[in-house]
Structure formats: C-alpha cells, structure tokens
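Q: Just add 5 to the spot in the sequence shown (first one is 1) and you have the working numbering.
Simulated from the structure, these hints should not be mistaken for lab results. Owing to the predicted nature of the structure, the values given are computational and were not obtained by experimental measurement. All C-beta atoms, glycine included, are put in the ideal place defined by N, C-alpha and C. Be a bit skeptical, because a hint or two may be false.
[Stated by the list, open to error] Below, simulated DSBU-like cross-link-like pairs (lysine-lysine); rule was C-alpha separation at most 35 Å, straight line:
{"hint": "1", "residue 1": "Lys539", "residue 2": "Lys501"}
{"hint": "2", "residue 1": "Lys670", "residue 2": "Lys660"}
{"hint": "3", "residue 1": "Lys667", "residue 2": "Lys501"}
[Claimed, not checked] Just the calculated beta-carbon pair ranges, DEER-fashion:
{"hint": "4", "residue 1": "Thr865", "residue 2": "Ala26", "range": "50 to 58 Å"}
{"hint": "5", "residue 1": "Met328", "residue 2": "Arg251", "range": "34 to 42 Å"}
{"hint": "6", "residue 1": "Gln162", "residue 2": "Asp658", "range": "56 to 64 Å"}
{"hint": "7", "residue 1": "Leu262", "residue 2": "Met872", "range": "51 to 59 Å"}
{"hint": "8", "residue 1": "Cys132", "residue 2": "Asp658", "range": "41 to 49 Å"}
{"hint": "9", "residue 1": "Ser265", "residue 2": "Glu831", "range": "46 to 54 Å"}
{"hint": "10", "residue 1": "Trp844", "residue 2": "Met240", "range": "45 to 53 Å"}
{"hint": "11", "residue 1": "His518", "residue 2": "Ala329", "range": "53 to 61 Å"}
{"hint": "12", "residue 1": "Gln487", "residue 2": "Gln163", "range": "48 to 56 Å"}
{"hint": "13", "residue 1": "Gly725", "residue 2": "Gly860", "range": "50 to 58 Å"}
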Amino acid sequence: MNRFRASKFRHTVARLPRREAWIGDVRAGSVASCGNHVKASCRWIAFNADSAGVLGIVPLECLDGDKRTVSQLCCHSDVVADFDFSPFDQLLLATGSADETVKVWRLPESGQDMPAGAGLTLGPVGCPVDVLQFHPTADGVLASGAGKRATVWDVGQQQPLTDLDAHGDQLQSLSWKQDGRLLGTSCKDKKLRIFDPRASPAASQGVQGHENSKDSRLLWMGASDCLISVGCSQMREREVKLWDTRKFSSATHSVTLDTSPGAAIPLYDADTGLLLLAGKGENLLRCFEASPSQPALSQVSQCLTEGRTRGLALTPKLALDVMACEVLRALQLTDGFIVPVSYAVPRKSVQEFHEDLFPDCAGTVPATAAQAWWAGDSQQVERVSLHPARRPTEAFTSPLVPRARRAADAAPDARLPDACPADADRSGGSGYSSPSSSLASPGSAATSLSASTGPSSGFASSPSQKSLQSILGPSSRFRHAQGTVLHRDSHITNLKGLSLTTPGECDGFCANHQRVALPLLSAGGQIAVLELSKPGRLPDTAVPTIQNGTAVADLSWDPFDARRLAVAGEDAKIRLWRIPEGGLRDTLQEPEAVLRGHTEKIYSVRFHPVAADILVSSSYDMTVRIWELGARREVLCLQGHTDQIFSLAWSPDGKKLATVSKDGKLRLYDPRRSAEPEQEGPGPEGSRGARLVWVCGGDYLLVSGFDSRSERRILLYRAGELCAGPLSVLGIDVAPSTLLPFYDEDTGVVFLTGKGDTRVFLYEVTPEPPYFLECNSFTSSDPHKGFFFLRKTECSVREVEFARALRLGQSTLEPVAFRLPRVKKEYFQDDVYPPTRVWWEPALGASAWLAGADGQQRRTSLRPADMTPVTAAPKEAPARKFVPAAVYLAEKSDEQKKEELLSAMVAKLGSRDDPLPQDSFEGVDEDEWD
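All chains, please: the whole structure from these sequences, using the hints.
A: What follows is the structure in structure tokens.
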C-alpha cells in the first residue's frame, strides 16, 4: 500500500515574484562550460559575469529594503568555467578556470570590499578546469574535473589526495554522494562512473549512460544508492534516467523530454525528492518528483518565465521562508536579472511550521576534516531543524582561509599595499596564503557591474565622474543603443522558396540601397531581385528571377554600380548580371559576363572598396584570384593557402587583402607586390568557420570564429603584427553558426550575428584595452536567415539612427534601425555622425590601381541643411541654486519680514476693496416672476 501513497509534494506550485523582487543590474556572461553559471550560499549569490575571468557577486537578501549592489570579483586570467560555495562556511567560494587553476576565496561580510586576491590557489593542473564541487561532510575537501581527470584535493595542504584517471574523454559533471563516500562522474565518452576515492587503488564501476556525447549531468539522490542523469539520446532527444548502483548495468527508469538544443541543468533536493530541470536558452522550468524508494519520475509542475535561462541554482534550505510553506527556491539567471522562483506547497495555514514538509536538513558544521576523512572517517553532518525558533544561530568559519582584518583592527602601516599580504599571513597563523586586507585600493577590489547602482560599499559615497569611471572601467557611448524593427509598411512579406543551403561563407543574401538579391531553393540557381522602394506583400505567383544556371555559392552587389550583381557558382565560374533600370520585370537568363579561371567551387566574391571594376574571389582550389571586370580577365593569383579559405576582406584603403582559413592561420597580402603572403599569424582554434573584418581605421583585424570547445568568440589583431597573436579574445556564446561581423567605421561599433540566430551583439572596438566595450544587443522574436547592413545615407539622423540593416526572416524582409536615445533630437548629433566616407563612389579605376596608384574617397556630412549641430546649440542657463529660507530671511529686519508676509497673504487672497460677485447682480423685473 505504501507504493500508492499520495505524495505531499504533488501539488507544489511555482510562484514567480513581481518584477520589483528581481535582482537587477546583472550583466550575465555566456560561458561555454558544463557549470550551472550561478550558485548561492546563505549570504551571497555568485554568477558568471560578461567579462572573462570575472564573477558577479550580489547579496542573497537585501537588508532593510536597500537595493542590492552587484559587485565584481576578478578571479582568473581566463574564463571561469565553474564555481561552488562551501556547504559549511557560507563565505567560502571555490572557482575553476580555463587558466588551469582552482582558487579559493573568502567573500566579505556585508559592508566590506571584495577580496583583491585569492586565499588559496591549487594547480596549475595542466588543462582547463571544467567542474568543481565541495565535499558534503568534510571541510577542506574539494573535487575538480579537468580534461579526462578528476582530482580530489586537500585544500588546506594545497595538494591532491588522489587523481581519478579512468575517463576516456572530457569530464562533463561530477557529484558527491551525500554521505561523502562515493564520487560520480559523467563524461563525453558517454559513460557514467562511480568512484570510491579512498580505496587503493581508487575503485570504480562504469556503465553506458546516454547515447549522445552532448553535455550530460549526473546527480546523487541524497545518501541513497540511486542517481539521476540528464543527457541526450542518439536522436538528440533530451532525456532523464534513474540508476541504482546496486544493479548498475542499465537505467531503472527513463523519461524523454524534447529535442531542444539547449543543455539541461538539473537540480535535486533530497529532502523533498523534487527535481528541477531547465534548458539553457529556454524559458521553461520543469519540476518532477523522484524518489529512491520508488524509481520513477512524475511531473509536478511547469513554469514559464519571462527571460531565457542562462543558469540555475537552488538556495540553501536554511534560507527558505518555511512559514510560507516554501520548500524550494530556484534562482534563474537571465541576461539582465536573477529571478527567484519560489516553490511552495499550498496549505490552509501558512503562519505555522509544518513538520511534515520540512524534515531536519544537513547543518553547516562539518563532520570531519580533510585528513581525517582521507584516513577513513565517515561521520555524517549533524542535521538541524528548519523551525525558525530552533535553527542554529552561530555560523561556522573554516580555517582554510582566514578572515581579512577590519580597518579598525589594522596596523597603522596596513594602508601600504606592500604590507597587506605579510600582515594577513601573520594574522591567520595557519600557514596558508590569505587575501589582502580590506584596505586594498578600490581599483584592485570589487567593482560595480552597473553605473546605475553606484560603487560597492567601501568606496566614497559621492565620487566624481572620473573616479567612478576608474572604478567601473570604461564604457561605450553606444551602450544604450536600441535596435528597432521598423513599421510593417516597410516590410517585404510572403517570401517563398528561399534557399536554405547557401554555404557558411555566404551571408545568405545581399542588398544595396535600391534592391535586394535572394537565392531561391529552385533548381538552376535562381535568384530573386526585389526593389526596396516597393515594399508590401509579394504575389503568390512566381516573381521574375535571375537564372544563374548553377547553385549559388556567394553573391555581391557592386558598390559603385547598383545594377551589377556578381554571383559565384558551384561550377567554378563567376557570372556578372546587370539588372534593368527599375528592376526585374522578366526572367534574366543571359549574364553580362562570365569569369573563368578557378578549377573548383568558389567560396566567396568581394568587390574592391576603392577601385572600380576590381573583384576578388576565393575557391576550393585554395587560390585567391583578382579580376579586372572591364577586360573580363584574371590579373592576379594569390597562393599560400593549405586548406579551405573561410573569409577574405579588403583593407579600407584597398591596399591589402586579409584571409582566414581552415588551417588555423591568418594571412595578409599586398596583392600588387607579391602572390605570397607578407604576414602569417595564428587564427581561431576551431575549424568550423571564421570571418574577418578590418577595424579601427584599417590598423587592426577583427576575426570571429570558434575555440576548441565550439564557443563562438571574437579576436582582435594588430594588422602589422599578426605573428604576435591576438591582442584580445572575447567569448560570446555557444551556437552552431559562424558570427558574421559588420563594422561601422564612423562609430567604431561592430555588429555580430549568425544565420539562424535571434540576437545581434554590439561592441564598440577601441585600439586600447579593454578593446571591446559591450553595448545593448538586439533580439528578434524568430531566427533570421541573414542580416545585411545598408550604407549610412539610409539612416534617419533626425531619429539619431546610426545604422540601418535588413533582416531576412522565414518569409519576410524587414528593416531594423539602430538608434541612440538622445534628449536634444532637434539638433544634429555631430558626435555620432562624423563626415562619412563616400564608399559608394570609386576613387580610381582598375587600370590605375593595378599600375600601383592609390586613391582616397571623399567624405560628406550627413547633416540636413535645417539642423544645427548639437555642439553649436545655445547653452542653457544654469539652474538657479536653492537658497535656504533661513539664509534669505536672516538678511532682513523683523519689520521687513512682517511686511513681506502680509503682502504675500493679500496677493493670494485678493484686495478687500474688490467688489464681490453678488454686488453685480441687478435682480429681475416683477413680470418675470409670472
């Protein structure tokens, strides 16, 4: 009968708080790792910030209604892949990074600065650290996963206790059993393994877990012999499996969820048996009930959230509002917020403690120390009551990292930076290195993530703008840019039969200020050419097209001739098409010219930015050829590539040509001097695709690509020093498509998005550190097949629009305007609109350029004749300062004060000599009464 007993948690409901209760001013990063990206203790919340090597730190609870301040903890020189709070010391945080080290930090009490240095450092371990977890019963024991090896550390001794090397591929997760005896791992080789780390040698057993090697997770179900794993099937369906280690050959239960691409984050609470599941990039939270005594999953609830999940964490049990029957609280990390989602069991009385919902939970005092546990001590953590009146009040402080001394206790010379580390070492008496004193300079301590929240505690209360910038770091003047889809009247809709098979080297479509060219799925390489001046719904019947004769590999409009289109075909030929004046009315079958020379399929074609009638192309034959279109002949052939050419780009002045290829190299050519590259340098690590664009006046190259773990990233190179490698590398997110960069040379802003994405990233690129300044991104409701930017004259300067793009959707083409919010929009914003280069007019002809001449295009102002520059706007009179009444009245005599007071009263009430309204009434005649 026990088997069919109803669960008391089956009616658990998720409650989303009001927006006021969200934790704002969060700028979450998109880290490609197997971590949860957010963790919580009873005091702090930590999350991956948008800067590499930085965690955001924010209090779990706000005191006295104050606004939470988000601070930065600069942890590592590379990406923080995972982190974990100690289950005992609520201020102890461990971080693992791609810089191959593990660091342990002591976070401050409220009212203090973040530590400027780590308390302890473990490693380097020889490869990036991917996952971390503290031991559940012993203080000072930490498990880490790096590459194919799991390591159990004695943190106090800063030495590994054991290495578990039986993995065939990269670790994806690890989990301690609640009693601390066993460690479970999941691995990219599709296997689940169970280790007894204290056995000699470490005993292990393994089983085939999930059939797909995509991100998998493993969790122990408390202290039982059962586990939960989350992964993907061979058909890429996400699934949850329950396992019993006593019969570990196969799963005892399996549930298939869906085929969403986001990795699933599982969180399990052993006291309630509730399992939460959230997919990265999704807005659905699932809640299941899973019990070791009855190995099955039953769905309890589903919750739709407003933002998409970047990470998920559970708050500790001792932080729950038990008097409101709150049995779980999840923290959902989104792009801009941390949203607390409360799970409560409905009860008639919510003002009393329900013992049946809240059994005693593990306390915060460790049962043993690291060396005692390693010697065989398996004592369990004492359990404590969640009843508010019986909860423990004293907090445990681990001796691993001593507390930083308060300013009042510091020695007089502690204000000197050189004295802090030595003093801290002497004060702890433990022999471990400890964080610097709380008197560390603000520049090296934690910083606020948002200018709106002000500096974190410990800084001056009202710093100047200059000092505030030194605290927060530089920010972009375009950080508040807003992308807006323009009115539907400007859309072209009912697009049908769009090609989905254009190569990754192609942008998907191309446009100029007059028309757009769209490859179609029809046989024969058909291309639709639509006039932008004729928006609206296209007819259901077929539209006139270009019959290219072979599948389209790439296409590009001539920047100097709005009617000429170059199309690269899979037959190794380039066809030049001329569109009739006014647009296509009939099917176009004969090209203006056909260029032959390549021996294999062509990747991409690009027109010269300065000289007319010059075209460059790259091909599978691993050559780059330059064509003179007037003579319809090949004039130059560049060599030196050993593998597929992903992308090529002319420098803004047209003198140099840069390429990036699958062999992992960047190459820089001076085509008119040599057919061999004049420079080579290391490119992106991954071989899935890359793009490049010239930035900062042609002195730098920006490359988008992938790393070895398929994270999309951008790299900045000095064009004259490619061999030195990138100056800066910035991780963006994890997605399959290559980021397509567009650089606006007038503002220095680069736009990044991929085919199939819903988001456009914006960064201001600067030649000085930190090189990339993040701006607001643009997000669309559905994925786009392509994104193409138009020339500057299409922007509405009256709306402070600094970029205009065309977004190709499933069946629509819609313009997107990128604008800046400005107060004085009636003035021309000349700080946003410098004189722009007229790149749609050639500076010289093909023969002159081939002969060695260089040209420079003229520049023009975008200012309308009837707009005044904002720099020439009349200065507003400064606001009159408020003078306290006491100062004003003190300058006058008593008689003057009385006189002014009476005058003010009379002016307000009116003169007594004024006639009353009834005085003007004249009455009525006698006959009017009848």
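Q: Please list, smallest to largest, the hint numbers that this structure does not respect.
A: 13
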